[in-house]
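Top line first, the protein sequences correspond to chains A and B.
If you count by the numbering used here, then the first sequence holds residues 1 to 181, one letter each, in order.
If you count by the numbering used here, then the second sequence holds residues 1 to 409, one letter each, in order.
The set of hints was computed from the structure by calculation and includes no laboratory data.
All C-beta atoms, glycine included, are put in the ideal place defined by N, C-alpha and C.
Treat the hints with care, since some could be wrong.
[What the hints assert, rightly or not] Selected chain B positions facing chain A (in silico; Cβ < 7 Å):
| no. | residue |
| --- | --- |
| 1 | R211 |
| 2 | W230 |
| 3 | Q248 |
[To be verified] Which stretches of chain B does chain A cover? Using the computed rule of at least three CB atoms under 8 Å from a CB of chain A, they are:
| no. | segment |
| --- | --- |
| 4 | 214 to 226 |
| 5 | 309 to 323 |
| 6 | 332 to 339 |
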Amino acid sequence: MMRRNPDYASEALSSEDVVSRLRARLENVAVERRERFGGRENSVQYVDLWIRPERSQFLRVVDELFAIDFPHFHVISGDDVGENILLNYHFSLFRVAARGGRVGVSVCVLVPKSDLKIPSLYDRIPGIEYSEREMREMLGVEFEGLPMKGFIFLPEDWDENVKPWRRDEEGLSPDMIRDLS
Amino acid sequence: MSAKTYTVPIGPVHVGLKEPITAWLDLDGERIVGARVRPGAIHRGIERMGQERNPIQVIYLAERICGICSFSHITAFLRAVEDAAQIRVPARAQYIRSLVLELERVHSHILWAGVACYSIGFDSAFQLGMLMRERVMDVLETYTGNRVNYGVGTVGGVRWDITPEVDTVVRDMIRYYRNEFSAFYDIVTQDPVAKARMRNVGVLSYEDAIRHCALGPTARASGVRCDLRWSAPYEAYGDLDVKPVVPQDYVGEARGDVFDRFLVRVLEVYQSLDIMEKVLDGLPEGDIVFEKSVVKVLSLLKKAEGTGWGIIEAPRGDDSHVVHLTSGNENLTWWKVRAPTYANAVSWPIMFIGNDLADAPLIINSIDPCISCMERMLVTDAGSGNEQILTREQLLNMSREKTRRMMPA
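Build out the structure end to end from the sequences listed, making use of the hints.
As structure tokens, this is what we get:
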């Protein structure tokens, strides 16, 4: 699929249109629309979407977002959820298009611990570098195609087999945690 | 690149900030030809600490992420918790949150403008900035009792109301800044030396700002018309007409250099004063919190299940907090914080290339981390193996000397 030039859409689609478009093109992908309220009348001010594709559909979802607007990347959040690592990619569409036009998009992907890999988005969005490196060192996810493999936040002498945010045997052992009094 | 280059590490960093950075600059003579950045020198594991605390306790932890934009962080955090637990905030509390956010923006931008002037040797403007910043800190102290971590936000609202006395001191402050802040406005409109030091220095193009996900004044200075107060109005901004401040609307073009970053921040101070006045004029009557009993709030939060995302326009750019609450667990299941410098620092290597070493302090400062993050630097002559330690003072002196060379005799 042809890559979108690094420019933002100048006109926003409504969040309903974005949902319809994603649902039409991405069969079997759950899309949740969440309204955010504010102001004196506590009315809808903007909308966040939560998309939950399978890992195999992840790049298709990202490509569909690119076809709508250059997705401004915020951060990856995540957790160790048993057999899987959960990664939530947080984006904005229509960042510059209109007052109240921004649509927040969180793409939530489960990556099995038995095959802890996901394609890197670094070649599409260079600004994602720190976040992918952070998730690599904190949760042990391998981002395929990410050229920088060094620690970004952990100390240089950290044991790279220890992943601080993991809840299993690869995480911190009790003797590594200093409880505050 | 010539055969003889120098590698200059800048760091380690100041312990008081969320965004400590070390940069290695490759030099050809005085010219920067390459740059690498390594953050995380004092990563405190604050997100993991949050997993052992309930949301009310985490407010006071989140406040300590940053000394300058402490309220921005807790507002983003609270909005994430309120999103996960589906809590609506009363209108009066939303207005008060917006007021404190703007007070913080004025504080941050004035501090930044003063320090930027200091780094180019404009000491009188630096002293003036430090003097002016006291006024907004006094106002924050009058309202909250504190000058840095205000302890004013809580889940579903705020803890203190705006009294007539607070209203008066805020309006007095607005009048003061409208009269006195013009000194900084004059710097960006009239001072030829300041312009010479900042124009075409540390350039970040519009395209690079997008690709590298630049935020806030850094992105706006590159011409990106982004501002969450406009594109995704939160709190009281839904009732206020806030437009992104971009250089092309004022001087016809955006060059994305340090000068434009200065211009954007100066204009945003005036914008914040207007916003604060509108907030006070339109402050709705009513409750300041959705539930006064903290015990009831904690009980409700313990039953909540879900992931929430809070995102606001902090002084340095958009600040994201994401939390997950699990029903039956009173503590946060997990919490992710993305402070603005986390994103803006990715653009630093691009800004450095082609500039002089003497411009490095100004470029580092231009995205608004703390200039005092630079404790010392080590210069290595790769060709001869010579090493030379440059202190922060020496580095600053190089920057100031460059300004002096531009001054008329």
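Verification of the hints:
{"no.": "1", "hint": "R211", "result": "5 Å, holds"}
{"no.": "2", "hint": "W230", "result": "5 Å, holds"}
{"no.": "3", "hint": "Q248", "result": "12 Å, violated"}
{"no.": "4", "hint": "214 to 226", "result": "holds (count 4)"}
{"no.": "5", "hint": "309 to 323", "result": "holds (count 5)"}
{"no.": "6", "hint": "332 to 339", "result": "holds (count 4)"}
Checked against the numbered hints given earlier, this structure breaks only hint 3.
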